[in-house]
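A.B. asks: Here the protein sequences line up with chains D and P, keeping their order. Here the numbering used here runs 9 ahead of the position in the first sequence, where the first position is 1. Here the numbering used here runs 6 ahead of the position in the second sequence, where the first position is 1.
Simulated from the structure, these hints should not be mistaken for lab results. Among the clues, some could well be false.
Said to hold, decoys possible - Partial list, computed: chain P residues near chain D (C-beta under 10 Å): (1) D296; (2) R343; (3) E412.
Claimed, not checked - Now the stretches of chain P that chain D is said to cover, found in silico as 3 or more residues with beta-carbon under 8 Å: (4) 189-196; (5) 284-293.
Even for Gly, the Cβ is constructed at its ideal location relative to N, Cα and C.
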Amino acid sequence: MGARILSMLTVAGLAVAASGTASAASPPAAPLKVVATTEDLGSLAREVGGDKVTVDVFSRGYQDPHVVDPKPSFILKLVSADLLIVVGRELEIGWLPPLLTQSRNAKLQPGGQGHLDASQNVKILDIPAGQITRAMGDVHPSGNPHYWLDPDNGRLIAQAMKDKFSQLAPADAAYFAQRYADFDRRLTEAQKRWDAAMAPFKGAKIVTYHRSWPNFVDHFGLNVIGYVEPKPGIPPSPSHTIDLIREMKAQQVKVILVEPYWDLRTPQAIARDAGGEVLVMPPSVGGVPEAKDYIALFDFDVNLLVATFKKVGISR
Amino acid sequence: MRCVRVLTVIGVCLAAAVPVAAQSPVSPPAAETAQQALRDELDRLRREFEVIRKQYDERLLALEQRVSELGQGPSAPSGTAGTAGATGTTGTIGTAGTQDPVPAPQTPAAAPPQSSKVFNPDISVIGNFLGVAGKNDQSTQPAMQMSEVEAAFQAIVDPYARADFFLAASPEGLEVEEGYITFTSLPARLLLKAGKMRAQFGKVNTLHTHAMPTADRPLVTENLVGGEEGLSDAGLSLSHLVNNPHLFLELTGEVYGGTSAVFQSQQRSDLTYVGRVRAFRDLTEATNIDLGVSFATGATNIPSALPTGGSAGLDKQLFGIDASFRYRPLRRAIYQRLNVRTELIWSRQDTGDDLRESAFGFYTLGDYQFARRWYIGGRVDRSGRTLDASAIDTGGSVFLTFWPTEFSQVRGQYRRINFAEGTNANEFLFQVNFSIGAHGAHVF
Chain D
10 MGARILSMLT
20 VAGLAVAASG
30 TASAASPPAA
40 PLKVVATTED
50 LGSLAREVGG
60 DKVTVDVFSR
70 GYQDPHVVDP
80 KPSFILKLVS
90 ADLLIVVGRE
100 LEIGWLPPLL
110 TQSRNAKLQP
120 GGQGHLDASQ
130 NVKILDIPAG
140 QITRAMGDVH
150 PSGNPHYWLD
160 PDNGRLIAQA
170 MKDKFSQLAP
180 ADAAYFAQRY
190 ADFDRRLTEA
200 QKRWDAAMAP
210 FKGAKIVTYH
220 RSWPNFVDHF
230 GLNVIGYVEP
240 KPGIPPSPSH
250 TIDLIREMKA
260 QQVKVILVEP
270 YWDLRTPQAI
280 ARDAGGEVLV
290 MPPSVGGVPE
300 AKDYIALFDF
310 DVNLLVATFK
320 KVGISR
Chain P
7 MRCVRVLTVI
17 GVCLAAAVPV
27 AAQSPVSPPA
37 AETAQQALRD
47 ELDRLRREFE
57 VIRKQYDERL
67 LALEQRVSEL
77 GQGPSAPSGT
87 AGTAGATGTT
97 GTIGTAGTQD
107 PVPAPQTPAA
117 APPQSSKVFN
127 PDISVIGNFL
137 GVAGKNDQST
147 QPAMQMSEVE
157 AAFQAIVDPY
167 ARADFFLAAS
177 PEGLEVEEGY
187 ITFTSLPARL
197 LLKAGKMRAQ
207 FGKVNTLHTH
217 AMPTADRPLV
227 TENLVGGEEG
237 LSDAGLSLSH
247 LVNNPHLFLE
257 LTGEVYGGTS
267 AVFQSQQRSD
277 LTYVGRVRAF
287 RDLTEATNID
297 LGVSFATGAT
307 NIPSALPTGG
317 SAGLDKQLFG
327 IDASFRYRPL
337 RRAIYQRLNV
347 RTELIWSRQD
357 TGDDLRESAF
367 GFYTLGDYQF
377 ARRWYIGGRV
387 DRSGRTLDAS
397 AIDTGGSVFL
407 TFWPTEFSQV
417 RGQYRRINFA
427 EGTNANEFLF
437 QVNFSIGAHG
447 AHVF
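So here's chain P without its partners, still in its complex pose:
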């Protein structure tokens, strides 16, 4: 509170000092007039200062009252004081009084001010600790690692948009996992996103690691859709909600630069395009069904280590179908839920010289909550490989998750994979996921 006054005094002194410095080297008769002018000026400033002081006292009183009403931190006063002080020093004293520093009590406050951090975004950090034991000839995963630390910054930009940033630090380094703006006030039921994001291709591709129901990603994601990083790139995403009251039907079109784990462009014109149609409908108040069809096309590189010798700028298409069924009885929503999901993915890769490799893979997953803090689930995997469709890997997992609260979870997973080469992997995965701060709720 006192700093407001101090600031104002400094402001007034500064304003007074400027004329003093300018007037000092004049002759005695002129100096007298100048002194008089200075005195007048000082008097005027003093009067104005009195007026300001009075205004501030009134405002402070109003603010203090409001703060005590809200029972919250001193954000509003300090924020207002900053601007008001600056106004004083620049000399537009008249306007300072006309501004209403006390927000109208009706102001809708989604996040009421709590401290001077009022305009800071929601910040959260999520850690993903992953341990693995057992045999897998084809994996270099260490016995224990902090596989990812995700820092999220999320806030409303202005009345027209919001922004979401997700930085992911992993043993490979720090990268922008996602960072995009969403324009929320477009006409024609459009939603536009711009930035780096996970493409709307199927379900698993859109999920962050900590939101996965398992400690790993399905085989089909590893083999055909870029693994952990997935189809995530810088670009634009425009989606339209089809106007009808019965069915949620969303059409999404996306264009990306072509720098993802799936598509790599050699020239500017080689863009990646992604399209998705999603339909959702409630069957009852407790059950619903969610269907999607996705398509992606772009250019890829084939690494030279491969028998084909390696090549760049080859066409690649991905086609996917996903279906989810969810059950959650409303009266027991805290204790019981079931998710069943399947994704089928086809990949078609040009391998040069008019040759193509068409691979197929899928997973089916069930996750059942049987107590307030406990989930159990299983997953069946099967997938060909992008460059060798005849090499079929199969596998299965069972997993058990314990949620002490919604902010932490501990998971154990047994995973078996039968690789096309004839080798097997038998592994036990152990995961601890934990988050601090305010993390925005996930899209359903």
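Isolated chain D (complex conformation):
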């Protein structure tokens, strides 16, 4: 028996050594199998990868990406994937680590060749300074993970994907470069459109449910004066709601931005009291059917915002 265990261990040890060398083997000829944790990353991967990649996505656009069940069916996607793209900044901390441990795919582990943290080269906001505790709610110690909501960051993410795809499939590097250039051009054009549409509302004051929009409001020059949540991840409380209504009235704030996965009762009650509008706005691709890709998401959100601002009479 002891000998059997010993030989089992030896086999395992050899296997570990073998897998180390295996990962350095030649790149796959078939399309790269990409898994992205959110639809936003999935959309950008499709833009850059075209038909040289297949993309699977875990969290749906109408789902809170913090709250995802680490279902074994996701492991089936990970086990054969060449590349995993994550949002990072602890967005997936509650569900991705056990999936990765069970993925049996060494490449995808943090630090592996097939692990791309999309937050590495983008503009990150809300990085807490000083001591942080959970008394502050669900604070992300390394900054706000909703950074894809700035189109300039979207471009940087796409660029990082182009580089990673080219590294994993060098034969298709020119193809990825061309796809990226095309996306960059379309995004730049679209940005002109969005910036022009949003320009009249620079400095407009809004309230949001969760801190999902710092990069979006930073890019378009909006001003968030408060949140429906008293603290990140903490459900609305009566006293905070009263304070918020008072503040909205004092500052004449008329728009409350809510992600599709939150309960609308409290925001609607606040809007009734403060005389404002609740705007259910998708923060992710797939949050509504119209937001079918990254550019369409901004088209949808910008149109929705502009229409609402006009409706409530904001135009400063």
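With chain D held as given, fit chain P onto it using these hints.
C.D. replies: This is chain P only, laid out in the frame that chain D set:
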């Protein structure tokens, strides 16, 4: 920052002091040459020191820039300074400059450095406070107790493995509840664990106390599968994921030394073996089904207090079937979910002289989240006893859980048990579960 320079100066001084001490007792003519050599040596050291200083200044600048970019703690500089300083004192000055102390900006950082604790594992402590009121003749549970404090240490070991340690302090003492390494980069879709762990036998056996949906464990666990401690032992666990894109199908084989609450071995060859097949499939995006079949075999002792007189090294087998159905609408995942689970367990125990006792038990549990912070549930219990299959205990519970946040929960549970002896237990259980620190997410 300054300590880097201080360290380097000390290093250079030490290096210089050694030749001085060695040269001191020589005669005057020789001393002059020696002095010259010393002067040369000092000059050389001074030059090298200048070079190092320059390199450090450059590196510090780069690091400071990086730190301010990240807006985070001074971990990278202090870590680098430690190694660089040591390199200086041991005299391999040339190599110090060639190392790249600034991590490449592309380095994937799952947990970006925040402080000098960068390589410390994730540490968390979970407290389980348990109160009980009411009547139960067969229980010695005190009215209130800190039934368990669990300390968890979890981190990635190296590119090939991760490690998880769970120490549990209870009124009975401190023990290693689990402590194992998981090899994550094996070929052939294998996953190997080595250490002490909860065996992959059914569902409840794999759960830590704080992850249970109830304040207690089901009757069948208490009667047939070792209660709170359960089937938890030191051993090896190897699992294979069957290659197919449609169904998650996992085969697990485990071998344990035989020192658990269920199996006790008298000799080295009496090992415990556990096997499990698990299948999982999504029915829709909101619903899924999870099925498992488990088997365990090993040797046990029967305590001498029993009428049979007690015996050691008797064979025992456990066989289990578990089924779970889960519902969680994605758009309302924060507010609504339903788990329904059942486990059926058969136990076969040799009682000596070719006699066997075959007992059966099961539980069925439902847990429904009806608001963001509220869960309500119920459980039905029925179980024979390992050594007396005809003694059937039955029971039922209803429970209500309030989650202020995901880091704390307060639970009330009413439990009724009808013991085979004809006595009843009517109890109210009260539980507060709370955690601090970074606790790794649980396996689904």
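A.B. asks: Run every hint past the structure and note whether it holds.
C.D. replies: Hints versus structure:
{"no.": "1", "hint": "D296", "in the structure": "holds (8 Å)"}
{"no.": "2", "hint": "R343", "in the structure": "holds (9 Å)"}
{"no.": "3", "hint": "E412", "in the structure": "holds (8 Å)"}
{"no.": "4", "hint": "189-196", "in the structure": "holds (count 8)"}
{"no.": "5", "hint": "284-293", "in the structure": "holds (count 5)"}
The structure agrees with every numbered hint stated previously.
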